[in-house]
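Asker: Residue numbers (this note's numbering), protein chains in the order written: chain A, 1 to 193; chain B, 194 to 394.
Please keep in mind that the hints were generated in silico from the structure rather than gathered at the bench.
Careful: at least some of the hints might be erroneous.
With beta-carbon atoms standing in for the labels, derived distance ranges [to be verified]: (1) B:Gln-370 x A:Lys-78: 51 to 61 angstroms; (2) B:Ser-242 x A:Glu-98: 16 to 26 angstroms; (3) A:Pro-50 x B:Thr-345: 22 to 32 angstroms; (4) B:Ser-252 x A:Ser-27: 39 to 49 angstroms; (5) B:Val-250 x A:Thr-54: 33 to 43 angstroms.
Glycine included, every Cβ here is placed at the ideal spot set by N, Cα and C.
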Amino acid sequence: MAEVAGTLITEALRRVRDPRGEAHARSDVLTFLDRCQKMINVFTKQVLDPVTVTTTPMQQVYQMSDVLPDAVDIVDIKEGNRSLPRVPWPTLFYTDREWTRAQGSRYEVFSQLGLDLLILHPAESIAGSIVAVSVKDTADLANEDTATDVVDDDLPAVLDLLEAVLNLRQREFTPSADAMKRAASRLLVDRRP
Amino acid sequence: MSAKATILSLVTTLAVSQNDVAMSSRFYDEVILDLAKLNWFMRMTILDSSGAVPAAVQSFPANVVNLLGVFYGAHQLEPAKLRELEYVNPQWRDELGEPTNYVEDGETVHTFRLYPAPIAPPTTFAFPFGEPFGRGYPDEAVVILHSETRVTLPDYLDLPVALLIVEREFQRESDHQHPVFAKSAGELARMMLMLVQPRAM
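Required output: the full structure, derived from the provided sequences and hints.
Answerer: Listed below in structure tokens is the structure:
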């Protein structure tokens, strides 16, 4: 069950011995909490967002900000019920020096370059659609009544990371490092493929 | 997406207003450049859409950081070294034909040379979708795949970037220098970047 941001802010402030929010304004902690939950979800890939993308004939390269504006990392691409294998983009060059003009009756593979480019290879000659399942950029925490968007299992790691940031800000370096290590070990134990 | 001003505001919050705002702004640019060098931000760019024969020496925009691929028409060109081409033909710069390679050695910053030099102008650039390699995309055109610097970042990069700026700000000689704070901020930032780094390409 998702928790509202205000509850987590109160918990984090108690952890850093500032329950009344005198060193850290609650609005600042809300901003830090928002960014921490986004980072943890990018890593654990728990909150996913399947989006149908209409493809353009003869086009292989798509700017993700245009077709998948809320996507962070593509986990799977499906054309119908078929998943496309993910390949490193240099593979396209080593298999066909003219890969940019290759055409086929269906997409065979996909690549993601950095945070921005999606390649669907080879191009289809007619418009079609694929479903891109990607890690979602979790919803912004607008105020303390907003519920968190990450799954409950990830909340301990979010709080540990937030605690590390708050301790660092108040120049408590050992507690900050301890909270960071706690978050890291929790994420390594929980690491999903 | 977060603009530079949002991240600099986070820096001020993390530094409890001890930071020098002008220096933080410069450090922001440095951090973005470092991330671009690691190929976090990618784009494909058409270099010349004038319709004339592409020049042998192509220059690319200032925000391009790493050149990862060069395409001429349908072909992805192979990188070549200056010395290799000199062995093949000392007058290699005068050769004309359809480019097969590109060379960065010996050229000025933000330029590369096509080998051999192109002789044919591209077909019309009135292609309907405006994306490299889309339907109607002309032959004999030059496109590059590259990493670049950005003015806006995804929200989840705000904290690690802000902490890297704090690291630089408190490392430098100043009236608020604090090496332990700087080191701790840097360690936390690098741990966060490991969480969100893009997969190997």
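Asker: Are Ser-242 (chain B) and Glu-98 (chain A) spaced within 16 to 26 angstroms by their CB atoms?
Answerer: 21 angstroms, holds
Asker: Could you check the hint for me, namely that Val-250 (chain B) and Thr-54 (chain A) are 33 to 43 angstroms apart, CB to CB?
Answerer: With a Cβ separation near 39 angstroms, Val-250 (chain B) and Thr-54 (chain A) satisfy 33 to 43 angstroms, so the hint holds.
Asker: Could you see if the CB distance from Pro-50 (chain A) to Thr-345 (chain B) stays within 22 to 32 angstroms?
Answerer: 26 angstroms, holds
Asker: May I ask you to test the hint 51 to 61 angstroms on the CB atoms belonging to Gln-370 (chain B) and Lys-78 (chain A)?
Answerer: With a Cβ separation near 54 angstroms, Gln-370 (chain B) and Lys-78 (chain A) satisfy 51 to 61 angstroms, so the hint holds.
Asker: Note whether the CB distance of Ser-252 (chain B) and Ser-27 (chain A) lies within 39 to 49 angstroms or breaks it.
Answerer: Once the Cβ atoms are compared, 46 angstroms apart, the range 39 to 49 angstroms for Ser-27 (chain A) and Ser-252 (chain B) holds.
Comparing the model with each earlier hint shows no violations; every hint is respected.
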